[in-house]
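**Student:** Now for the letters of each chain:
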Amino acid sequence: MAEPLEMPLAKAINAGLRAALAADEKVLLMGEDIGKLGGVFRVTEGLQAEFGTKRVIDTPLAESGIIGTAVGLAMRGYRPVCEIQFDGFIYPGFDQITSQLAKITNRTSGAVPMPVVIRVPYGGHIGAVEHHQESPEAYFAHTAGLRVVSPSTPNDGYWMIQEAIASNDPVMFFEPKSRYWPKGPVDFTSSAAGLHSSRLVRTGTDVTLVGHGAMVATLLQAAQVAADEGVSVEVIDLRSLSPIDYAPILASVEKTGRLVVCQEAPGAVSVGSEIAATVAERAFYSLQAPVLRVSGFDTPYPSSKVEAYYLPDADRVLEAVDRALGY
Amino acid sequence: MKSEVAGVVEVSPTVRFLSVDGTFAPTEAAEEYRSQLDGLSHDDFLQFYRDMAITRRFDEECTNLQRQGQMGLWPPSHGQEAAQVGSARAARPQDVLFPSYREHAVALVRGVDIVDIVKVMRGVSLGGWDATDPSNGNFRNYTLVIGSQTLHATGYAMGLGFDGLVGTGDPTVDAAVMTYFGDGSTSQGDVSEAFVFAASNQTSQVFFLQNNQWAISVPVEVQSRIPLYLRSRGFGVPSVQIDGNDVLASYAATRKHLDEARAGQGPALIEAVTYRIGAHTTSDDPTRYQTPEQLAYWVERDPIIRYAAYLRSLGADDAFFAEVTDEAESFAADLRHRTLELEAPPLASIFDSVYSEPHPLVAEQKAWLEAYELSMKEAI
Ligand SMILES: Cc1ncc(C[n+]2csc(CCOP(=O)(O)OP(=O)(O)O)c2C)c(N)n1
Ligand SMILES: [Mg+2]
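Just so you know, the protein sequences line up as chains A and B, in that order.
Heads up, the first sequence is in my numbering, so the first residue is 1 and it goes up one at a time.
Heads up, the second sequence is in my numbering, so the first residue is 1001 and it goes up one at a time.
Only chain A is shown next, with the shape it has when bound in the complex (with noise of 0.2 Å):
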């Protein structure tokens, strides 16, 4: 057996993407500069030489239209994945996204399946200019006949971009944009976990910490810190925000009797708040303290030389980790 390869998560998707259109002829690429650029994260890079101009599309500058024709292609059989450049632009393709594409499966009974993977580079800590760092997997995950998942390793993106576009349904696929470049290992013999399942990166027995996306490294950086002080932390990947894998939450605060959902996105309304109130709901005697939230606040993404105050770190989820314990 092969030994797990170092890559980074760019890297790793690339090579998962690249393993997606070499076993399927109908998966074809999508995106704004994904071609012979490679992507502006040179995510695809290499792929348009590999597999050519109409399996790896330079679209059109349109969200709107690089969606809808992705609907198009896969009524007509084809498995598209689309790559919006930034986070902030998915916006102009938010109508074909949540009105076509998620409710095309329901609108035609079953009859017409939507295979289509939408890849977002997302989050900030990258220190750039407006629209470039946001973190809008919520809207995403409220919506009725998405699936909404987020790769935290190198691993994962790996197996993960190849289980969603192997998914008959849709996909956002939420790459976390600061995480594109450490390197990790990825294991090219088998997965790890399904699509949808939350994981268990780290056992404790005090406090949990769940969290997606780059908030996992700082988890488990907090959680470091913690153990220092003598503080036993678990800490949850979900992976998924769209089916939420609970058993491993609920098992954990079941354990701990407290839980901390950490998230860069705004906390209003979002899948923090939606754990928060599952998680209530479920594990109601098992709770030894409210459940506690630490998220970007809510309010416009800021200028990049304040971000750090508006991102949750190390030292704000140890402060929610304390405040839990206080009970």
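If you are wondering where the hints come from, they were derived from the structure by calculation, not from laboratory data.
All C-beta atoms in this analysis are idealised placements derived from N, C-alpha and C, irrespective of residue type, glycine included.
Keep in mind that a hint or two might mislead.
Said to hold, decoys possible - Quick list of in silico lysine to any residue cross-link-like pairs, SDA-like style, CA-CA up to 20 Å:
| no. | chain 1 | residue 1 | chain 2 | residue 2 |
| --- | --- | --- | --- | --- |
| 1 | B | Lys1366 | A | Gly110 |
| 2 | A | Lys26 | B | Ser1356 |
| 3 | A | Lys36 | A | Glu6 |
| 4 | B | Lys1366 | B | Glu1378 |
| 5 | A | Lys54 | B | Gln1202 |
| 6 | B | Lys1366 | A | His142 |
| 7 | A | Lys36 | A | Arg55 |
| 8 | B | Lys1366 | A | Tyr309 |
| 9 | B | Lys1366 | A | Glu281 |
| 10 | A | Lys54 | B | Ser1356 |
| 11 | A | Lys54 | B | Ser1200 |
| 12 | A | Lys26 | B | Lys1366 |
| 13 | A | Lys54 | B | Gly1264 |
| 14 | A | Lys54 | B | Thr1132 |
| 15 | A | Lys54 | B | Gln1265 |
| 16 | B | Lys1366 | A | Ser109 |
| 17 | A | Lys26 | B | Thr1132 |
| 18 | A | Lys54 | B | Ala1199 |
| 19 | A | Lys54 | B | Gly1167 |
| 20 | A | Lys54 | B | Leu1165 |
| 21 | B | Lys1366 | A | Ala144 |
| 22 | A | Lys26 | B | Phe1162 |
| 23 | B | Lys1366 | A | Lys36 |
| 24 | B | Lys1366 | A | Arg282 |
| 25 | A | Lys54 | B | Gly1266 |
| 26 | B | Lys1377 | B | Gln1365 |
| 27 | A | Lys26 | B | Leu1165 |
Claimed, not checked - DEER-style ranges, computed between Cβ atoms:
| no. | chain 1 | residue 1 | chain 2 | residue 2 | range |
| --- | --- | --- | --- | --- | --- |
| 28 | B | Ala1348 | A | Thr205 | 42 to 50 Å |
| 29 | B | Gly1164 | A | Val225 | 42 to 50 Å |
| 30 | B | Tyr1372 | A | Ser232 | 36 to 44 Å |
On the provided structure of chain A, position chain B with the ligands as indicated by the hints.
**Tutor:** Relative to chain A, chain B with the ligands alone:
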């Protein structure tokens, strides 16, 4: 030509074969389309009439059914039958048609059971018919978000190209897409983006624009200060304007441009200038925005009356027209009968097709509703 009647916009050069009184008098612009009519048999000419007359009759029946509380809504196609029938009859079986929500005549021609449209308007189904079932003639589902279907059509046409089904020269293989949309929808970004993607990909595709002069109450001048057929040219999609109330113009123009599209010559747009003689939908009151003169002007240009006069000049007799009237009557009676029999779908239909693959949240809510409904019944 600019019309004398206020609020009536008609622009030359228009492709027209039949003048308002039904005489065969092709305009200059029609000449290059004239040979498209050569292959039509006498029966084909009669069939155009049958399609239009049956549509007019069931459309009226559906309006009545709505008035009687049997449907939530009905968007009438009254007045647009020629544009729809001519274009639909020009398409080949392998072509794929993406409608808006008023293309009842196209549905009829392509073999969709009209009761499936009624299902949508009665609230017993969201989609109505299975567009993947070959018996429905590749007539895709109605789309209510204005303009969005034009992008689906363009994507589908891109797929036809990728599949090698364009420009092979084999008339049974080469395929095209046609999408229907209205004058109001030309203001939507999706329609502009569809032109962009179609031109960029040189898709095998006809954009069939029915300019019925209104977007609900808003006249076409609010959407565009230039004739709408010129709109697509700036995007690189060639176009032609036709008299949409002349079924022969609609047939000939569509046939030519679909043929060219299938042959790999890229997309085209046809603007069919027509008129929505009925209300926007049964919820609408056109007397608030339409003058009686406007309506009268267009009633005079009724596509069915015009075509009937032409058929008489070809020798169609009273017996033929009586036979079609009978056929239309029984069609409408059957539709009424089957409409009244339509029942609400099972509760499971709320949940069953939200996803193609199992989704725990939806499964959980379905189980909850079933248990809840059962508990309510037991409580009684
Ligand atoms: C995006 C969107 N906005 C508004 C509406 C409400 N609406 C339904 S039909 C219509 C007018 C459409 O006019 P047109 O495109 O000319 O088509 P017609 O109804 O005349 O056939 C409007 C505004 C809608 N369905 N979709
Ligand atoms: Mg209109």
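**Student:** Hint by hint, note whether the structure agrees.
**Tutor:** Outcome of the hint check:
Restraint check for B/Lys1366 and A/Gly110: satisfied, since their Cα atoms lie roughly 16 Å apart, inside the 20 Å limit. Using a Cα cut-off of 20 Å, the hinted pair A/Lys26 and B/Ser1356 holds, with the two alpha carbons roughly 18 Å apart. Annotation: proposed proximity of A/Lys36 to A/Glu6 is violated, straight-line Cα distance about 26 Å (limit 20 Å). At roughly 18 Å between alpha-carbon atoms, B/Lys1366 and B/Glu1378 fall within 20 Å of each other, so this suggested pair holds.
Restraint check for A/Lys54 and B/Gln1202: the C-alpha separation of about 13 Å stays at or below 20 Å, so the hint holds. For the given pair, B/Lys1366 sits about 18 Å from A/His142 by alpha-carbon distance, which is consistent with the 20 Å threshold. For the given pair, A/Lys36 sits about 13 Å from A/Arg55 by alpha-carbon distance, which is consistent with the 20 Å threshold. Under the criterion of a C-alpha separation no larger than 20 Å, the hint pairing B/Lys1366 with A/Tyr309 is inconsistent with the structure, at around 43 Å.
As the CA atoms of B/Lys1366 and A/Glu281 are separated by approximately 18 Å, the hinted pair is consistent with the 20 Å bound. Proximity of A/Lys54 to B/Ser1356 is assessed by CA-CA distance (about 27 Å); at most 20 Å being required, the pair is judged violated. Pair hint A/Lys54 plus B/Ser1200 holds up; C-alpha atoms about 13 Å apart against a cutoff of 20 Å. Restraint check for A/Lys26 and B/Lys1366: the C-alpha separation of about 33 Å exceeds 20 Å, so the hint is violated.
Taking the CA atoms of A/Lys54 and B/Gly1264, the gap is about 16 Å. The hint holds against a cut of 20 Å. Taking the CA atoms of A/Lys54 and B/Thr1132, the gap is near 25 Å; set against the 20 Å cutoff, the hint is violated. Restraint check for A/Lys54 and B/Gln1265: the C-alpha separation of about 18 Å stays at or below 20 Å, so the hint holds. Straight-line distance between C-alpha atoms of B/Lys1366 and A/Ser109 comes to about 16 Å, which keeps the hinted pair within the 20 Å bound.
Using a Cα cut-off of 20 Å, the hinted pair A/Lys26 and B/Thr1132 holds, with the two alpha carbons roughly 18 Å apart. Pair hint A/Lys54 plus B/Ala1199 holds up; C-alpha atoms about 16 Å apart against a cutoff of 20 Å. For the suggested pair A/Lys54 and B/Gly1167, the alpha carbons sit about 17 Å apart, so the restraint of at most 20 Å is met. As the CA atoms of A/Lys54 and B/Leu1165 are separated by approximately 15 Å, the hinted pair is consistent with the 20 Å bound.
With a CA separation close to 14 Å, the supplied pair B/Lys1366 and A/Ala144 stays within the 20 Å bound. Only pairs whose Cα atoms come within 20 Å are accepted, and A/Lys26 paired with B/Phe1162 is accepted, the gap being roughly 10 Å. A threshold of 20 Å between alpha carbons decides the hint, and for B/Lys1366 with A/Lys36 the separation of about 47 Å lies outside it, so the pair is violated. For the hint pairing B/Lys1366 with A/Arg282, the CA-to-CA distance comes to about 18 Å; that is within 20 Å, so the pair holds.
Between A/Lys54 and B/Gly1266, the direct Cα distance comes to roughly 17 Å. Compliance with the 20 Å bound is thereby established for this hinted pair. Of the supplied pair hints, the one linking B/Lys1377 and B/Gln1365 holds, its CA atoms being roughly 18 Å apart against a limit of 20 Å. For the hint linking A/Lys26 to B/Leu1165, the alpha-carbon distance of about 15 Å falls within 20 Å, and the restraint holds. In this structure the hint that B/Ala1348 and A/Thr205 lie 42 to 50 Å apart at CB holds, the actual value being about 43 Å.
Checked against the hint of 42 to 50 Å, the C-beta distance between B/Gly1164 and A/Val225 comes to roughly 60 Å, which is inconsistent with it. The hinted window of 36 to 44 Å between B/Tyr1372 and A/Ser232 holds, with their beta carbons roughly 41 Å apart.
Comparing the model with each earlier hint shows violations of hints 3, 8, 10, 12, 14, 23 and 29; every other hint is respected.
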